[in-house]
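Colleague: Using the sequences and the hints, build the whole thing.
FYI, the numbering for the sequence shown is 417 to 722, going by the numbering used here.
If you are wondering where the hints come from, they were derived from the structure by calculation, not from laboratory data.
Computed from a predicted model, the values in this text were never measured in an experiment.
Think of the CB as a built atom: it goes at the ideal place given N, C-alpha and C, for glycine as much as any other residue.
Take every hint as true, because none was put in to throw you off.
So the derived label-pair ranges between C-beta atoms look like this:
1. Tyr419 x Phe497: 27 to 33 Å
2. Leu496 x Phe528: 31 to 37 Å
3. Lys687 x Met417: 37 to 43 Å
4. Tyr465 x Tyr542: 19 to 25 Å
5. Leu635 x Thr444: 24 to 30 Å
SDA-like mimics (lysine to any residue), calculated; alpha carbons at most 20 Å apart, straight line:
6. Lys691 x Ile678
7. Lys504 x Cys441
8. Lys629 x Val517
9. Lys666 x Leu464
10. Lys632 x Trp618
11. Lys666 x Ile678
12. Lys666 x Gly701
13. Lys687 x Leu617
14. Lys688 x Asp625
15. Lys535 x Lys666
16. Lys589 x Tyr465
17. Lys666 x Glu652
18. Lys666 x Val458
19. Lys627 x Leu617
20. Lys666 x Phe649
21. Lys687 x Pro675
22. Lys688 x Cys441
23. Lys687 x Leu697
24. Lys666 x Thr538
25. Lys535 x Ser653
26. Lys589 x Glu545
27. Lys535 x Leu525
28. Lys438 x Lys691
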Amino acid sequence: MVYLAPVFLIIISYLAGELFCKIFCDNTKNLVEKCLIGTLFVLISWGLYVTIMRGFTDSFSSIAWSYSVFLLALFTAALLFSWKNIKKNLEVKNVSSLWPVVICLSIILVQFLAIALVKPNTVYDYTLETVNTTLATDNLFDYHPGMGILVEYAVSERGKLVTLPLFYAYLSKIFGGHPARIVYMMIPMWGILLNFMVYGLWADGLLEDDKEKGSKKILFLVGLGLLNLGGLFVNESVFYYIMEKGFTGKSICYNMIIPYIIYLAHNIVVKKRYKDIIYLLMAVGSTVAITDIQTGLVPALICLAV
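Modeller: The structure is reproduced here in structure tokens:
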């Protein structure tokens with residue numbers, strides 16, 4: 417079951433994005449962008465839910481199962497109100513050649529294999545310890561594992577409320593298996609899929625009027641995959657984070673959220689798609705739920721620069 421976690425995250429994110437676009441009457445988004453919008457929604461909703469529920473209960477099980485009810489309600493609502501759009505988005509389009517697709521999938525699988533075989537960099541990281549402690553005690557943590565002080569003080573001193581490890585604990589509780597498999601394997605694989613999605617949108621924008629858009633887009637994504645693999649040998653690069661620290665909030669921020677913010681900003685400024693301001697604000701807000709305030713301010717500064 418643990419190996420289904422990335423599939424679950426992609427499906428629930430797509431349905432959340434589908435419902436979100438339905439509410440705002442936005443018919444300009446494709447399946448990939450709906451997945452990204454839904455991912456932002458899931459990250460924000462989890463962060464807000466945990467923060468609010470800390471004032472009512474310390475039981476992690478209560479929070480996990482009640483959030484599952486929320487996701488089930490979201491799943492049901494998406495099927496009820498957006499079934500026609502879902503069916504349309506999932507239709508198989510005519511593909512002139514399968515070779516480019518096979519090549520792109522192969523490079524993704526090589527990255528998955530590298531993540532499964534390479535030991536992750538866990539220096540100064542307490543993600544797995546937080547997950548294990550949460551599951552073992554069935555309580556929301558009171559002490560920051562990296563500082564040994566109360567969470568309230570950790571928030572004031574570092575501007576950090578660690579809700580992302582709690583999300584991994586939630587996935588571990590739902591899917592079973594050892595938490596290390598979720599944290600060090602499934603989440604980085606999910607991050608790679610998100611990375612390819614957002615840069616696929618970049619390719620669509622860059623090659624919008626190109627007659628050979630399909631083959632060039634695949635070539636662009638293959639190049640992205642090779643750069644990611646190169647990150648195994650270049651410490652502290654963006655590509656290094658996605659391959660060896662893909663479970664961290666900083667990796668998700670750098671490899672998915674910031675590129676998506678740049679894409680949205682381009683749509684707003686150049687293509688005058690002002691509804692994208694909503695998704696831009698969601699993207700900026702989601703960084704607070706997954707990383708410290710200092711890193712989370714980077715997307716906000718990018719928006720101000722634009």
